[in-house]
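Chemist: Here's the letter readout for the chains.
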Amino acid sequence: MQLKRLLPLAAAAVLLPSLGLAQEAEEAVDALEAITALNTEMVFIMNSLLFLIGGFLVFFMAAGFCMLETGLVRSKNAAMQATKNVALFSLAGIAYFVVGFNLMYPLGDWVIEGWLGGISPTVLEPVGVGLDEVDDIEYASIGSDFIFQLMFCAATASIVSGAVAERVKLFPFLIFVVVLTGIIYPIQASWSWGEGFLDELGFLDFAGSSIVHGAGASAALAGALIVGSRYGKYSKDGKVNVMPGSNLPLATLGMFILWFGWFGFNGGSQLAMGTIADVADVSRIFANTNLAASGGAVAALIMSTILYKKPDLTMVLNGALAGLVSITAEPLTPGLGMATLIGAIGGIIVVLTIPLLDKMKIDDVVGAIPVHGFAGIWGTLAVVLTNPDATLSAQLIGIVLIFGFMFAASLVVWLILKAVMGVRVSDEDQVTGLDKCDLGMEAYPEFSNT
Amino acid sequence: MQLKRLLPLAAAAVLLPSLGLAQEAEEAVDALEAITALNTEMVFIMNSLLFLIGGFLVFFMAAGFCMLETGLVRSKNAAMQATKNVALFSLAGIAYFVVGFNLMYPLGDWVIEGWLGGISPTVLEPVGVGLDEVDDIEYASIGSDFIFQLMFCAATASIVSGAVAERVKLFPFLIFVVVLTGIIYPIQASWSWGEGFLDELGFLDFAGSSIVHGAGASAALAGALIVGSRYGKYSKDGKVNVMPGSNLPLATLGMFILWFGWFGFNGGSQLAMGTIADVADVSRIFANTNLAASGGAVAALIMSTILYKKPDLTMVLNGALAGLVSITAEPLTPGLGMATLIGAIGGIIVVLTIPLLDKMKIDDVVGAIPVHGFAGIWGTLAVVLTNPDATLSAQLIGIVLIFGFMFAASLVVWLILKAVMGVRVSDEDQVTGLDKCDLGMEAYPEFSNT
Amino acid sequence: MQLKRLLPLAAAAVLLPSLGLAQEAEEAVDALEAITALNTEMVFIMNSLLFLIGGFLVFFMAAGFCMLETGLVRSKNAAMQATKNVALFSLAGIAYFVVGFNLMYPLGDWVIEGWLGGISPTVLEPVGVGLDEVDDIEYASIGSDFIFQLMFCAATASIVSGAVAERVKLFPFLIFVVVLTGIIYPIQASWSWGEGFLDELGFLDFAGSSIVHGAGASAALAGALIVGSRYGKYSKDGKVNVMPGSNLPLATLGMFILWFGWFGFNGGSQLAMGTIADVADVSRIFANTNLAASGGAVAALIMSTILYKKPDLTMVLNGALAGLVSITAEPLTPGLGMATLIGAIGGIIVVLTIPLLDKMKIDDVVGAIPVHGFAGIWGTLAVVLTNPDATLSAQLIGIVLIFGFMFAASLVVWLILKAVMGVRVSDEDQVTGLDKCDLGMEAYPEFSNT
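Chains as they are written, first to last, in our numbering: chain A, 1 to 450; chain B, 1 to 450; chain C, 1 to 450.
A couple of the hints might just be wrong.
The list treats identical chains as one, so a pair stands whether inside a single copy or across any two.
Claimed, not checked - Below, computed lysine-lysine pairings styled on BS3-like, alpha-carbon distance capped at 27 Å:
#, residue 1, residue 2
1, Lys233, Lys436
2, Lys309, Lys418
3, Lys359, Lys309
4, Lys361, Lys233
5, Lys239, Lys361
6, Lys236, Lys361
7, Lys310, Lys436
8, Lys310, Lys418
9, Lys309, Lys436
10, Lys436, Lys359
11, Lys418, Lys436
12, Lys418, Lys233
13, Lys361, Lys418
14, Lys359, Lys239
Calculated directly from the structure, the hints in this document are not laboratory data. Just so you know, these numbers come straight off a predicted model, no measurement behind them.
Generate the whole structure from the sequences, applying the supplied hints.
Modeler: Quick look at the structure:
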C-alpha cells in the first residue's frame with residue numbers, strides 16, 4: 001500500500017484539536033498507526049513467506065545436484081557421490097551459520113569496509129518477536145533470510161562436487177567445502193549482496209549467475225586442476241575415453257529437481273512479495289526462468305544433433321541447466337522472447353565448450369564448469385541487453401573479480417590440502433571404485449556387471 | 001473483505017461538507033480508498049501466489065510423468081523416454097508462449113467468436129507494475145496466470161509421450177508436441193476456460209478431467225493408432241506379450257510426484273485465495289484430491305487382486321492416477337466420502353479397461369489412455385453427482401466435442417507427419433533399442449543384462 | 001494486528017452520538033468491524049495457507065519414505081516395498097477421514113474425557129464458506145487442518161513399513177495400517193494435541209518426536225518382534241548377515257525428500273502464520289530443523305568413520321533423519337547452535353544403537369526404530385534444555401505412556417493378525433523374493449543378477 005494514501009487520517013489528527021477534541025486527535029493517530037501496522041505486518045509476512053518458500057525450493061536443489069551427479073558417475077562411485085552430496089550440504093549449513101552469514105551480510109559491521117564482513121555466528125530474532133523488536137520490519141524475518149541464503153551458499157559446494165567426482169578424497173573435499181561455504185563464498189558474495197564495493201560499483205547479478213554459479217564453477221576448476229583427471233580418462237596418445245554415466249534417468253530427475261528449485265532460486269531473489277509490483281515481478285521471474293530453461297534445452301538438443309548427428313541426453317540436461325544459469329543474473333527485465341534467447345545461447349555455449357575442456361585435459365565429470373561457469377559469464381554479460389542500469393564495464397569488472405578471487409582462493413586451499421593430506425584417490429582404488437575402497441559398500445550391489 | 005462494510009466511510013465523505021469541512025471530505029474519500037486498496041492488493045497478491053505455488057507444483061508433474069514413463073519402458077528405451085520428456089516440456093513452454101496462451105485466453109479478442117482465440121505472443125505486465133496499470137486488478141498477475149496455465153498445456157504432451165513410447169521417432173514426436181501445445185490444445189481449452197462456446201453452454205470441468213487429461217489421452221490414442229504397436233507386442237496368434245517396465249521404483253516415484261503436483265493442479269484451479277471462502281475451498285480441494293487418489297489406489301489394489309489373484313503394482317499406480325483424474329473435473333463440491341468413491345470408480349475403470357486396449361491391439365505403454373481418457377470421461381460425468389449447476393447433457397456434449405476434436409485434429413497431424421517423414425522407428429532399431437540407435441547412449445550402461 | 005489499536009475508532013463510535021450524529025456513530029462501528037474483519041480474514045488465510053503448504057510438503061514425505069525403504073531393501077522385494085508404501089498411504093487417508101481425525105481432535109466432544117475422542121467421519125466446512133459460518137475463524141479452515149494432520153498420521157505407518165520390510169505379508173500389514181492410522185495413533189495423539197490429559201499434564205512435543213515418530217517406532221518394534229527377522233538374517237552361530245540395500249542413490253533421494261518435507265512437518269506445526277511473531281517463529285523453525293539435520297548427518301559421518309574406519313552412507317542418511325526427529329519435539333526455542341547439537345546427538349544415538357538391535361536379534365531393515373524411536377525419546381527429553389515450560393517429569397511420563405500404549409496396542413493387533421491370518425511370508429518365498437511370489441513381477445526385471 002502506498003502509505004501516503006493514509007495522509008488524510010493524519011490530517012484528521014491535526015484537525016480534531018481545532019474542534020476542541022484533543023483526545024480524539026490522539027486516538028486518530030492511533031487509528032492511523034493501526035492501518036499502517038496492518039499493512040506493515042502483511043508486507044513483512046509476505047516477504048518472509050517468499051523466503052521460506054524459496055528456501056525449501058532451493059533446498060531441494062541439493063537433492064537435484066545429488067541425483068544429477070550420482071546418475072552421471074559410474075556405478076562404482078555412485079554411493080560415494082551420494083555421501084559427498086549429503087555431507088557437503090550438511091557442512092555448508094553449519095559453516096554458514098557459524099561464520100558465513102554475517103560475513104556475507106555485515107550490515108555495516110565490516111572488518112574491512114566493503115571487502116571483509118563481520119565475524120560472528122548467526123543469531124535469529126527471539127521467539128515470538130514483536131512488531132517493535134524485529135530486526136528489519138521493512139524486510140523479513142532473519143530466520144527466513146538465513147535459510148534462503150544458506151541454500152545459495154550450499155549450491156556452490158554442490159557445483160564443485162560434480163566436477164571433481166570419482167577421484168577426489170572424501171575428507172579433503174569436505175574440508176574444502178567448509179572453507180568454501182564458511183569463508184570464501186560469503187566474502188565474495190558480500191561484495192555485491194552485502195552492499196560491498198561491487199554493489200557500489202554498479203555490478204548487477206540478480207540471483208547469482210556469477211556470484212553463485214560462476215563462483216562454484218571457479219572453485220570447481222581449481223579443484224579439477226589440482227586433483228587431476230580420473231584415472232584412464234585421457235590416454236597418452238591424446239584420446240579422450242568416454243566414461244558414461246551409470247544412471248541417466250536418475251540424472252534426468254536431478255535436472256528436473258534443479259529446474260523446480262530454480263523457481264525459488266530466482267523468484268525468491270526478488271526479496272519481496274508484499275506489494276502488487278513485487279508479486280507481479282516474481283511472476284515475471286517465474287515465467288522467464290522457465291522459458292530460459294526451455295530455450296537452453298531445445299538449443300542443446302538441436303546443436304548436439306547437428307554436431308554429433310544424434311541428440312545427446314546429457315547435453316540436453318546440461319543445456320536446460322545452462323539456460324537456467326544464464327537467466328539467473330537478470331530474470332526480471334527481459335521479455336519472454338529475450339529470456340528464451342538468453343537461455344538458448346547458454347545451451348549452445350555448453351554444447352560447444354564441454355568438448356573444449358576435454359581438449360585441455362580438464363576432467364569435469366558432469367560438465368559443471370561450462371554449465372555454471374561459461375553460461376554464468378554469458379548470463380552476467382547479458383544483463384546489459386535488457387537492464388538499462390547495467391554497464392558492460394561494471395559487469396566485466398565483477399566477472400573478473402568474482403571468478404578471479406574464487407579461483408585463486410580455492411586454488412590456495414586445494415594446494416594446501418594436497419600438500420597436507422593429499423586430495424586424490426590412488427589409481428588402483430579408482431579402478432576398484434571409491435564405493436568399495438572408501439565406503440566399503442556398493443551403490444547397486446545386485447546390478448552392476450562391471 | 002466485503003467492501004460494502006466500508007460504506008460508513010463513504011457516508012463520512014458525504015457528511016463532512018455539510019459541516020463546512022470540504023477538504024476533510026476529500027481526504028475521507030482518500031482514506032476509504034486506502035483501506036480498499038490494501039484489501040485489493042492483498043487479494044491480488046494471494047491470488048498470484050496461489051498461481052505461483054500451483055505453478056511450481058504442476059511443473060514438477062513434468063518430472064513425475066518422466067519418471068513414471070522412464071520406469072515403465074524397457075531399459076533399452078529409457079534414455080530416449082527421458083529425452084522426449086525433457087524436450088517436450090521445453091517445447092511446450094515455447095509454443096505456449098509464442099501462440100498458445102493468447103489462443104486459449106482471447107479475453108474478447110477472438111478470431112472466430114467463442115471458437116478460435118487471438119493469435120499473438122504472450123506479453124507480461126511491465127516490471128514493477130503499479131496498482132493502476134495492472135491488467136486485471138481483481139484477479140492476478142499475468143505472469144502467474146501464464147506460468148500456471150503453461151504447466152497444464154505441457155501435461156497434455158506428457159500424456160501422449162507415455163502412450164507412444166518405445167517406438168515413436170523423436171523429431172516427428174516433438175513436432176507433434178509443438179502443434180499440440182501451441183495450437184490444438186489451446187483452441188480446445190479456450191472453448192471452456194477462455195469463455196468460449198462450451199462455457200456458455202454450461203459445460204463444467206473444474207481443473208480439466210476432459211479439457212486436459214481427456215485431451216491428452218485423445219491425442220495419445222490418435223498417436224498410438226498411427227504409430228502402431230511396439231514390435232513384438234502382439235503376436236500373430238493373438239497373444240499379447242508382456243513387456244515389463246524396467247524400473248518400477250522409479251515409476252512409483254513418478255506416481256508420487258504426480259500426486260504431489262496434483263495439489264497444485266486442482267487446488268490452483270480455484271483461481272483465487274484472497275478470501276476466507278476461497279482459501280477454505282482450496283482446502284476442500286486438497287482434501288478431496290487426496291482422498292480420490294487414495295480411493296483409486298485402494299480400488300485398483302483390490303480389483304487387481306480379485307482379477308489376477310495377485311496385486312499388481314503398476315495397476316495400483318495407475319489406480320491412484322485414475323482417482324486423481326476422476327476428481328479433477330469437480331474437486332470442490334463433493335464431500336470426502338463422495339470424493340473417495342469417485343476416485344475408487346476411476347481406479348476400477350482403469351483395471352478393467354487396460355486389458356481391453358490390448359484386446360483391440362492398441363499399444364499404450366503406460367496405460368495413459370485408460371488413466372487420462374476413460375477416467376477423465378468418468379470424472380467429467382461425475383460432476384453432475386455433486387454440482388447442481390451441471391447438466392448431463394452439457395457434460396456429454398463437452399466430452400464428445402473435446403475428445404472428438406482432440407482426436408481428429410491430432411490424427412490429421414500424425415498422418416501428415418507419417419506421410420512426410422515417418423513416425424515409427426524400424427523394427428530392427430526397436431529390437432536394438434532406441435537409446436543405442438537414436439541417441440548412441442544407454443540409460444544404464446552397466447546394469448542391463450539384455 | 002493488535003486489535004486494541006482499533007480502540008480509537010470505537011471511541012469515535014461513542015463520541016458521535018453526543019454530537020447528535022446517531023447514524024454516523026452506527027456507521028463508525030461498521031467501519032471498525034471492516035478493518036477488524038480484514039485483519040481476521042488475512043490471519044485465517046495465512047494460517048490455512050501454512051497448513052496447505054505444510055500439507056503438500058509432508059505429503060511428499062510419503063514418497064521419501066517409499067524411496068528410502070525401496071532403496072534399502074534387496075531388489076527382489078523392492079516392488080513389494082513400493083506397493084506397501086503406496087497402499088499404506090492411501091489407506092491411511094481413508095481411515096483418518098472415516099474415524100481418525102475426529103478421534104484425534106474431539107473439540108470437547110470426548111467419549112471418555114481427555115482419553116478417547118469422538119467417533120464420526122470428518123466433515124469439512126461448506127463450499128464458499130462465509131466469515132460467520134467458519135468453524136474457527138481465529139484459526140484456519142478445517143480442510144487445511146485435516147490435510148496437514150492426515151500426513152502426520154500416515155507418517156506413522158510409513159515408519160512401520162520400513163522396519164518390517166522384506167518379510168511381512170501385504171494384506172495383514174495393510175490391515176494393521178488401517179487400525180494404526182484410524183484408531184491407535186489418533187487416540188494417542190488426542191492425549192496431547194487434542195487437548196487431552198497429556199496436554200493438561202504439561203507434556204510438550206511440538207511436532208511429534210514422540211507423538212508421531214516415537215509412535216511409529218513403537219508400532220514398528222511390536223511388528224518386528226511378532227513378524228520375526230528376515231530369513232537368513234541371524235545365523236544360529238550368532239552371526240549377523242549383512243543384507244545390503246539394492247539402490248543406495250534411491251535411498252539417498254528418499255532421505256533428501258524427507259528432509260524437504262520436514263520443513264513443512266515442523267514449520268507447519270507452528271499452526272499459525274498470520275502475525276509477525278508467527279512467521280518469524282516459522283522461520284526459526286526452518287533454520288533449526290535444517291541445522292539439526294546437518295548436525296545429525298555430520299555426527300553420523302564422523303562416528304561411523306571412527307567406529308568402522310570407513311564412513312557409512314546409510315548411517316549418514318539415518319543420521320540426518322535422526323537429527324530431524326530429535327529437533328521435532330522443540331524446533332522453536334533452541335538457538336541455532338543448540339539445534340545443531342541436539343541433531344548431532346540424535347545422529348550419534350543412531351550410529352550407536354543400530355548395531356544394538358541386531359545384537360538383540362530385532363530385525364529392523366531400515367533402522368526405523370533407532371531413527372524414529374531412540375532419537376525421538378532424546379528429542380522429547382531435550383525439550384527441557386531450551387523450553388522453560390517443559391518439565392522432565394512431564395516429558396518422561398509422556399514418553400512412557402506414548403511408547404507404552406503404542407507398543408501394547410500394536411502388539412495386540414499384530415498378535416491377532418498373526419493368529420487369524422499369519423503375518424510372515426514363508427522362508428521359501430523370502431528366498432525367491434516377495435516381488436515374484438506375491439506380486440508376480442519384478443522391480444528391475446532387466447538388472448538383477450541374483
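Chemist: Which of the listed hints are broken here?
Modeler: The structure conflicts with no hint, since it agrees with every one listed earlier.
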